[in-house]
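Got chain A; can you put chain B on it based on the hints?
Protein sequences appear in the order of chains A and B. Following the numbering used here, the numbering of the first sequence begins with 154 at its first residue and continues without gaps. Following the numbering used here, the numbering of the second sequence begins with 2 at its first residue and continues without gaps.
In short, the hints are calculated from the structure, not lab data. Keep in mind it's a predicted model, so treat the numbers as computed, not measured. A virtual CB, placed ideally from N, CA and C, is assigned to each residue, including glycine. Do not rely on the hints blindly, as some may be mistaken.
Chain A residues, not near chain B, derived (Cβ > 10 Å throughout) [as the list claims (entries may be wrong)]:
1) N192
2) G314
3) L332
4) F375
5) A508
For the chain B half of the interface with chain A, some residues (derived, Cβ under 8 Å), not all of them [said to hold, decoys possible]:
6) N132
7) S173
8) T376
9) M394
Cβ-Cβ distance ranges computed for the label pairs, FRET-style [to be verified]:
10) B:P335 to A:T289: 31 to 37 Å
11) B:R34 to A:R329: 39 to 45 Å
12) A:W197 to B:L239: 54 to 60 Å
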Amino acid sequence: MIGPPEGSPRVVLAGGDERAVAIAPAAVPLTPAESLRQNLFSSWWNGALTIGAGLLVGYLGQALLRWALVTADWDVVAANLRLFMIGRFPVAEAWRIWAATYLIAVLAGASWAASGARLRWTPSLIALRAIAAAATLAFLLFLLDGLRIWVLLVGLGAAVGLGVAIGRAGARRLVRPLLIGWAASFPVVIVLLVGFGGVPPQRWGGLVLNLLVAVVGIFASFPVGILLALGRRSALPAIQLASVGLIEFVRGAPLYIWLLFGEFVLPFMLPAGLDLPRIVRAMIVVTLFSSAYVAEIVRGGLQGVHHGQYEAGRALGLSTTRLMGLVVLPQALRNTIPALIGHFISLFKDTSLLAVIGFIDALRIARISPQGVFQGDLKQTLLFAALLFWIVAFSMSRWSQRLERRLGVGER
Amino acid sequence: MTGPPGSPRDDDPGPAGWSVGRVRAPAFWRNVRVLQVLGQVVFVLVLLWLLRGLYENLRSSVGRIGLDLSFDFLQTRAGIPIKEGISYDPNQSYLRAYLVGLVNTLRVAGVGIVLATTLGLIAGVARLSPNWLIRRTAQVYVEVFRNTPVLVQIVFWYFAVILALPVIGGGSLGGVAFLSNRGTAIPWPRGEPGAGVWALLVLAGIPLAGLAHRWRTRVNERIGEPTRPLAWAAGAFLAVAIAGFVLTGSPVRFDVPELVGRRYEGGFQLSGEFTAVLLGLVVYTAAFIAEIVRGSILAVEKGQKEAAMALGLHPAQQLRLVVLPQAMRIAIPPINSQFLNLTKNSSLAVAVGYPELGSISSTIINQAGRATQVTLLVMLTYLTISLAISVCMNLLNRSVAYRGVRR
Numbered sequence: 154m155i156g157p158p159e160g161s162p163r164v165v166l167a168g169g170d171e172r173a174v175a176i177a178p179a180a181v182p183l184t185p186a187e188s189l190r191q192n193l194f195s196s197w198w199n200g201a202l203t204i205g206a207g208l209l210v211g212y213l214g215q216a217l218l219r220w221a222l223v224t225a226d227w228d229v230v231a232a233n234l235r236l237f238m239i240g241r242f243p244v245a246e247a248w249r250i251w252a253a254t255y256l257i258a259v260l261a262g263a264s265w266a267a268s269g270a271r272l273r274w275t276p277s278l279i280a281l282r283a284i285a286a287a288a289t290l291a292f293l294l295f296l297l298d299g300l301r302i303w304v305l306l307v308g309l310g311a312a313v314g315l316g317v318a319i320g321r322a323g324a325r326r327l328v329r330p331l332l333i334g335w336a337a338s339f340p341v342v343i344v345l346l347v348g349f350g351g352v353p354p355q356r357w358g359g360l361v362l363n364l365l366v367a368v369v370g371i372f373a374s375f376p377v378g379i380l381l382a383l384g385r386r387s388a389l390p391a392i393q394l395a396s397v398g399l400i401e402f403v404r405g406a407p408l409y410i411w412l413l414f415g416e417f418v419l420p421f422m423l424p425a426g427l428d429l430p431r432i433v434r435a436m437i438v439v440t441l442f443s444s445a446y447v448a449e450i451v452r453g454g455l456q457g458v459h460h461g462q463y464e465a466g467r468a469l470g471l472s473t474t475r476l477m478g479l480v481v482l483p484q485a486l487r488n489t490i491p492a493l494i495g496h497f498i499s500l501f502k503d504t505s506l507l508a509v510i511g512f513i514d515a516l517r518i519a520r521i522s523p524q525g526v527f528q529g530d531l532k533q534t535l536l537f538a539a540l541l542f543w544i545v546a547f548s549m550s551r552w553s554q555r556l557e558r559r560l561g562v563g564e565r
Numbered sequence: 002m003t004g005p006p007g008s009p010r011d012d013d014p015g016p017a018g019w020s021v022g023r024v025r026a027p028a029f030w031r032n033v034r035v036l037q038v039l040g041q042v043v044f045v046l047v048l049l050w051l052l053r054g055l056y057e058n059l060r061s062s063v064g065r066i067g068l069d070l071s072f073d074f075l076q077t078r079a080g081i082p083i084k085e086g087i088s089y090d091p092n093q094s095y096l097r098a099y100l101v102g103l104v105n106t107l108r109v110a111g112v113g114i115v116l117a118t119t120l121g122l123i124a125g126v127a128r129l130s131p132n133w134l135i136r137r138t139a140q141v142y143v144e145v146f147r148n149t150p151v152l153v154q155i156v157f158w159y160f161a162v163i164l165a166l167p168v169i170g171g172g173s174l175g176g177v178a179f180l181s182n183r184g185t186a187i188p189w190p191r192g193e194p195g196a197g198v199w200a201l202l203v204l205a206g207i208p209l210a211g212l213a214h215r216w217r218t219r220v221n222e223r224i225g226e227p228t229r230p231l232a233w234a235a236g237a238f239l240a241v242a243i244a245g246f247v248l249t250g251s252p253v254r255f256d257v258p259e260l261v262g263r264r265y266e267g268g269f270q271l272s273g274e275f276t277a278v279l280l281g282l283v284v285y286t287a288a289f290i291a292e293i294v295r296g297s298i299l300a301v302e303k304g305q306k307e308a309a310m311a312l313g314l315h316p317a318q319q320l321r322l323v324v325l326p327q328a329m330r331i332a333i334p335p336i337n338s339q340f341l342n343l344t345k346n347s348s349l350a351v352a353v354g355y356p357e358l359g360s361i362s363s364t365i366i367n368q369a370g371r372a373t374q375v376t377l378l379v380m381l382t383y384l385t386i387s388l389a390i391s392v393c394m395n396l397l398n399r400s401v402a403y404r405g406v407r408r
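Next up, chain B with everything else stripped away, as it sits in the complex:
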């Protein structure tokens, strides 16, 4: 940071007070390069000494209460009851319990990210709608939910809304879906023999749709009249999907949940805890994403929209083809940090007892007492998840960035 080492100094008087032409290397205690290296060595030594002090304190205090700092306890029997997630029984190890928590975190964060992006995009575009009522509704939504703690929202959804639903057996929606204070059950498609073949056919429909799109675009370039490439692509895809469905003998049917005794069977079941956490995270994060979307759309230069208008695109086309692709470049980095926030905020599920990483960790700490190891492990786990999300978003960012511009 300071000037180049070995440069002539004003305070280096030569004979009769004139600077000498010959540059003499400064003494080593005045040599900036030496000082920088020395300073860093001292810094590292002090840091190590401090960390060692903390570690020694930790080891002796933990030893005093009869515990250790090894990770062996993870292999011992957990004995914690966990209500939902991948298969688990209390006789399995702490490590298994921790994995259940990890999967539950990923589940709520993954679904939450998809739903929050969708809702945020809708609300952000609605914030800019020419329709006064839509615009104001979106604004009220954003201002109310953005400025209330997400924990208060999760607690509200769980204790004031979900626990106030009818007890199990009541709350039927036309006999096909059930809302209750113990969870929600909705109809869900279920595959029968032949579903795999149909799924393959549907997958094959995607490149076919791409071909149709390219062909109609070519025709459009040749004849210069509208040829509706998107409609053709959708048509091709649907044709394959429907024909395949009929040919494979309708392999998918909707499985309707039924009340059997004190629980539901069939369909898709959401626990009340999961629903509350998901609702809280999605509604809160979407309000922030809406503001990012709005800001990014406003940040696209006005001339772009005017040019699109001058080309005769209608409003939806202006948004889809010209404004949104450019707004995305601006929006991706802040949206990435919202995704990270959502994932980290999922640890607030501890307040309603959804068994994800945060709440499983605090249970393990309470039961096994190995707070140091558990905290370190869970911190590193969250760090890894955050890094993974950031890497994905950076890849996405690279694919939408201006060609030739590196960020």
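Extracted from the complex, chain A is given alone in its bound form:
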């Protein structure tokens, strides 16, 4: 070890044992002018870059803002908002969607609070949140019409609050019940939508259709994907070959071709008399497609489990099934959570393909709603559809990044 440099500040330690301790220079806060110079004008080349990029960004930004706030007429979006969200879902049954949303909101609030997370309130964060809240409010004020929807939205906020209160009270004890709750939420939501004289999938539409197809795809492909991943790592050549063949064949073709398969070939392959609705066939195809990708993700997770774990399980005398179920899979799946969320995001974005084969999803609504007085407002509707997809995908990717840090993937 090399001692601290001469002249380091000397610190008196508790034992009276005086020793020189090197103290790292604290980061001195820069004055605004200094930080401006360091970040933007550190050299002539950097300065030129800043000015060039600044002009370009400034020009594009003001053109975009002027178009969005002055030129463009956004009435087409407000007028078609319900179509964007739920398509031709019967209005009288819309309470089913609200109920499902409330359920998810309570679960999400409780999970967030039970994980011990708290909002931090630094001045810059407060300012940022205030701006975001004001922008959202202005946006909603323009979009939403009628007292009912406002009451429902305030109720949604209250549901999240209720969840947070439950989560705070239960804290870590709630982890297992919440996991079960999330697993159960999927069948519950489906029953809520379809059951008791509900709305069959053929009439789902809008963003809700995109979300539901993605969620169905993920949930249904999860067990299939795990089986395929285990099959791919099996020591039995017949099973391994079949798994590899299926995975690579499915991943080799684009989703659009698979949707064509579901549309035109699958009905001929099913036993005569079994007539599945088109949307259900699309869901089957999305599930098949997704399970090949889930299999590859799970395989990555399985490879990340140290072989000592297998050996320890064997030494305990566990059978293969229990070894997998109790030792290997829990560790493998924990490592794959961020990748699985990433896959869910891409599957959700891919559901926009439903528009191409004739389903009334959010993108399709955007293409057909500029009619009559709104003729030619396609830019606005397409941008709004893009915004809807973006909000879901972006917030999920942020959540996944946070989860990745918290789980410490790759650190164990």
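Okay, now just chain B, sitting in the frame of chain A:
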């Protein structure tokens, strides 16, 4: 997976409950090796039975609507109008129409891969720029385009941007390039007699540049002072190219498109559909490549950059000579899967009517009804393209991997 067959078992009590020393082979219904083989045979039989059931269903249902499962229809007249691609007329066969689609897919995917890599590399490096404005701009670009479906982007580029351009004849950029809702025409170099000779000379300039580079590097090793090998190599190449250009009598000129009646002639013409698909694929995929590039650069050990700094390399040299070559090793496998995604996403061109594999296939299905054959054919085609890309990327990967390390 289970223990070695024939090993002694606890549940094999010998006389008086002691294990016997002599190992008796287990009965065949308890022999793991036999069970594994039997299990696989059963598995294969069940799989075959299932596939046969699906096939029988398919054959009888297809027969019921008066179609068959043969590929003969590919030879019959297609009668589909296709707007762009290699030479084709509707009297040619379905197979020819399919080939047109294949070439169009390869065209948009090939150009897309090159452009997406370039843009992604730039945006990924910009994400790490010390300049705040550049860094943030790149971040906004990545976050906006990565989280929006590529189909929405393609549809937006086509219906909201390209179809909103002026009608043909308007949208002139200084009289040399034209933007219109029916396509874009830009000036393009065109060879005249002597161009072939010049091209050969330019090709010959490449080894010459290599020689110059090696010579200046040798000098640098001898005298230990900067000898600018790259500048010398570029100079040698340019000298050959320019001298050759003059000697062969300026064989290349820029062909400027002109408006003739209702269409452009000359120059290089891009259809609106192609432009929209290309823009959508490139902008979307580049956002992902940018994140891969950024992650790979960050994954290069910090000490490497510090060592480069300590050697006195300037920032661009640190990046080019030390950081990027190592980052490439990390980046190639994920970039390969982005290339595959881009190629497969090109099938979304069906939404704007660019005649590539996906949209030609769906037209053939609608017209000829042979959905099974067409789907199978197009799946195998995409599989082949994907395999070809993967093989190329694996070769590239091998060439940049650590020597002595096999991956």
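Comparing the hints with the structure gives:
Residue placement check: N192 of chain A does not keep its beta carbon more than 10 Å from all beta carbons of chain B (closest about 4 Å). Every C-beta of chain B lies more than 10 Å from that of G314 of chain A, the closest at about 28 Å, which supports listing it as non-interface. Distance check on L332 of chain A: its Cβ is at least 27 Å (rounded) from any Cβ of chain B, clearing the 10 Å threshold; non-interface status holds. Residue placement check: F375 of chain A keeps its beta carbon more than 10 Å from all beta carbons of chain B (closest about 21 Å).
For A508 of chain A, the requirement that its beta carbon stay farther than 10 Å from each beta carbon of chain B is not met, with the minimum near 7 Å. The restraint placing N132 of chain B at the interface with chain A holds, with a minimum CB-CB distance near 5 Å, inside the 8 Å limit. With a least beta-carbon distance of about 21 Å to chain A, the hint placing S173 of chain B at the interface is violated under the 8 Å criterion. Nearest Cβ of chain A to the Cβ of T376 of chain B: about 5 Å, under the 8 Å cut. The hint holds.
The beta carbon of M394 of chain B is not positioned within 8 Å of any beta carbon in chain A (closest approach about 15 Å), and the interface hint is therefore violated. The supplied range of 31 to 37 Å is met by P335 of chain B and T289 of chain A, whose beta-carbon atoms lie about 35 Å from each other. In this structure, R34 of chain B and R329 of chain A meet the distance hint of 39 to 45 Å, their C-beta atoms being roughly 41 Å apart. Take W197 of chain A and L239 of chain B: their Cβ atoms lie about 27 Å apart, and the range 54 to 60 Å is violated.
Checked against the numbered hints listed earlier, the structure breaks hints 1, 5, 7, 9 and 12; every other hint is satisfied.
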